[in-house]
Every structure is written in C-alpha cells, then in structure tokens.
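2 protein chains.
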Amino acid sequence: MKLPESTEWVLHAATSLAQLGPGAAASAAQLAEHYDLPPAYLAKQLQALVRAGVLSAATGPRGGFRLARPAAEITLLQVVEAVDGEAPFYTCKEIRQRGRAATPPEQCREACGLAAQMAVAEAAWRQSLRAVTIADIVASLPDGVPGRTRELLARPR
Amino acid sequence: MKLPESTEWVLHAATSLAQLGPGAAASAAQLAEHYDLPPAYLAKQLQALVRAGVLSAATGPRGGFRLARPAAEITLLQVVEAVDGEAPFYTCKEIRQRGRAATPPEQCREACGLAAQMAVAEAAWRQSLRAVTIADIVASLPDGVPGRTRELLARPR
Chain A
195 MKLPESTEWV LHAATSLAQL GPGAAASAAQ LAEHYDLPPA YLAKQLQALV RAGVLSAATG
255 PRGGFRLARP AAEITLLQVV EAVDGEAPFY TCKEIRQRGR AATPPEQCRE ACGLAAQMAV
315 AEAAWRQSLR AVTIADIVAS LPDGVPGRTR ELLARPR
Chain B
195 MKLPESTEWV LHAATSLAQL GPGAAASAAQ LAEHYDLPPA YLAKQLQALV RAGVLSAATG
255 PRGGFRLARP AAEITLLQVV EAVDGEAPFY TCKEIRQRGR AATPPEQCRE ACGLAAQMAV
315 AEAAWRQSLR AVTIADIVAS LPDGVPGRTR ELLARPR
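Quick mapping for you: the protein sequence lines, in order, are chains A and B. For any residue, its number in my numbering is found by taking its place in the first sequence, counting from 1, and adding 194. For any residue, its number in my numbering is found by taking its place in the second sequence, counting from 1, and adding 194.
Please note that the accuracy of each hint is not assured.
Okay, derived cross-link-like pairs now, DSSO-like style, lysine-lysine, Cα gap no bigger than 30 Å in a straight line [said to hold, decoys possible]:
1. A:Lys-238 with A:Lys-196
2. B:Lys-287 with B:Lys-196
3. B:Lys-287 with A:Lys-287
4. B:Lys-196 with B:Lys-238
5. B:Lys-238 with A:Lys-238
6. A:Lys-287 with A:Lys-196
7. B:Lys-196 with A:Lys-287
8. A:Lys-196 with B:Lys-238
9. B:Lys-196 with A:Lys-238
10. A:Lys-196 with B:Lys-196
11. A:Lys-238 with B:Lys-287
Don't read these hints as lab results, they were simulated from the structure.
Put together the whole structure using the sequences plus the hints.
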C-alpha cells in the first residue's frame, strides 16, 4: 500500500505557498524549480489541489498558485486526499456472504467484524493527519527557511 | 492507496482456521470453496501467511493449513502485513534538500516535519490493527458461525 510519489511534492508545495507574503503567488514552474520536480506533472497535481479547494489559481502577470484559505485551516489530510482520493484502503466485498460457508443475510445486518476493525484503523490514520495543519508544519521549519522560500519564489520568472 | 483484494481473503481465512478444533487443518481448495475464491491465487496468499509465521502448512492425508500459534497471539496487523508487506505508505525522498530551495544538510539532521507527521499517522493505523487479534474477531462472530465453519471444513474433500 503506497501513497503516490507526488504526495511529498504537494505537501511541500502547500508548505512553500504558506510561506509567501499576503497576495503573493507562485507558478508551477517556479515550484518545480524550487524542488527540482517535473513541471508538467507537478502542475497536474497542483490543479488537483485547486479542485480540492486547498489552492486557488489565478492567471495573468501576477497570477499563479496560492493557498485558498489560511494555512491553519488546511490539514495534511486535505492535501493528501486531494491527490490520493478519499477511498478506503480496505475494500470489503462481503465474502462472508459468499461460497459454501455463506453467512445468512439476517446474520449480516451488522458490518463484518474484520471490515469494522479495518475502518477503525483507517479512521485513526485520517484523524492523525487531520490534527496537523500546514501552519503547524511551517512553524516547525528550521530557522531561515521561510525567509529564503519567500525570497526565492519572489524572484521574477 | 489500496490494500490488495486478497487482504479480505486472508483475514477471513485466518478467522476460519481459528474456528477449527485442535489439530484440524484445511486445504487451500477447501478454504477457496468456503468463500468462493480462486483456489490457486488463494493458495499463494496462504503461503505468504506461512512465510510470515501466521499459518503452518503440513502435507499428507491430515495435512493442510492451520494457525501457527494461538489466535489470541495473531494480530490483524500481522495478517495484513503478510500479504501487503511492511513498507511505509509515504516515501520521503528528501525533496527539501533538492532544487533551488535546497535546505542545507546541517539543517536537515532532524526528519522533515512532513515525513514525521506522515509516520505518526501510519503508526496510528498499525497500532490500531495491532490491538485486535483473530481471537477477538472470532469472539464477535454471529451465533452459530463457528459451529458451521467447523462442520463445513471438517467434511471430507
């Protein structure tokens, strides 16, 4: 079970955009150069963040990507699910109701105990990522990083 | 991010084997028929459970698969990891140290804050699945299921 490689990219991209000054934006090309990433594929992932309401995108000379809301209101879960979706990890196909051992439907009104526990575990993962915001990550960056990020992304393209 | 479809199969297979009487075993063909699953592919997954030390396999007329240790000592995590591996979901390729914005190595002695939080979330998922055993699942089965499982799997092949 693997998250796509681009999960790291979008988490860092959102963190970088959270370090920009008010009104500032950065293009996909700038963010790609910032981290040495493939620009076209990064742009596609950033569009997924726009669709998820995490980023907004504006065209024009001062355009680019910026956070769609304050960094303190964007959780790691929202960024991760923007590129990986919200589907459960574990799919229960109700095999308990199949085959020679099929449990009769009247005994299957409650969720399968295995599916229920798998769901509890996934909820724990989601809850953990819901408890941390992009603002928390920015606050944990080493000294000097936010200043350098602002300076690098403010350079003319 | 998806667990393989066979995760459901092996969780149910381990649960079924936990319902057998002492010394009893079941073949891959029996378990496949029990749940209407493809026998060859199920057999491959059961071998993975043997390699992980969850099941043991014996050949001969009374052979087949059985639990390698008491059901109360087999966690859901062990069964899931037997087929899906133990690799982390999130891979940190240290993109913070790449590109124009590269953070200098002396500021990267601690794990990236994003990687650290992703690891916390994965630990919560694992801990949740480590806290539940196959014996807990058997105890939660509807009335009559264990008796029927024993009876069905005891039938001659």
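(message) Between the alpha carbons of B:Lys-238 and A:Lys-238, is the straight-line distance 30 Å or under?
(response) The given pair, whose Cα atoms are some 38 Å apart, is violated under the 30 Å limit.
(request) For the pair we were handed, B:Lys-287 and A:Lys-287, check the Cα-Cα distance against 30 Å. (result) 35 Å, violated
(request) For the pair supplied as a hint, B:Lys-196 and A:Lys-238, confirm whether the alpha-carbon distance does not exceed 30 Å. (result) With a Cα-Cα distance of about 22 Å, the restraint between B:Lys-196 and A:Lys-238 holds, given a limit of 30 Å.
(message) For A:Lys-196 and B:Lys-238, compute the direct alpha-carbon distance and say whether it is at most 30 Å.
(response) 22 Å, holds
(request) Would you mind confirming whether the straight-line C-alpha gap from B:Lys-196 to A:Lys-287 stays at or under 30 Å? (result) 14 Å, holds
(message) Check the hint pairing A:Lys-238 with A:Lys-196 against an upper bound of 30 Å on the C-alpha distance.
(response) Satisfied, since the Cα-Cα distance of roughly 19 Å is no more than 30 Å.
(request) Below or equal to 30 Å on CA atoms is what counts here, so check B:Lys-287 against B:Lys-196. (result) Answer holds: B:Lys-287 to B:Lys-196 is near 21 Å, not above 30 Å.
(message) Check whether the Cα positions of A:Lys-287 and A:Lys-196 lie no farther apart than 30 Å.
(response) With Cα atoms ~21 Å apart, A:Lys-287 and A:Lys-196 stay inside 30 Å; holds.
(request) With a cut-off of 30 Å on the C-alpha distance, tell me whether A:Lys-238 and B:Lys-287 pass. (result) Holds - the C-alpha atoms of B:Lys-287 and A:Lys-238 are around 20 Å apart, at most 30 Å.
(request) Assess, step by step, whether the Cα of A:Lys-196 is no farther than 30 Å from the Cα of B:Lys-196, and give holds or violated. (result) The hint holds at about 8 Å.
(message) With the threshold set at 30 Å, check whether the alpha-carbon distance from B:Lys-196 to B:Lys-238 stays at or below it.
(response) 19 Å, holds
Checked against the numbered hints above, the structure violates hints 3, 5; every other hint is satisfied.
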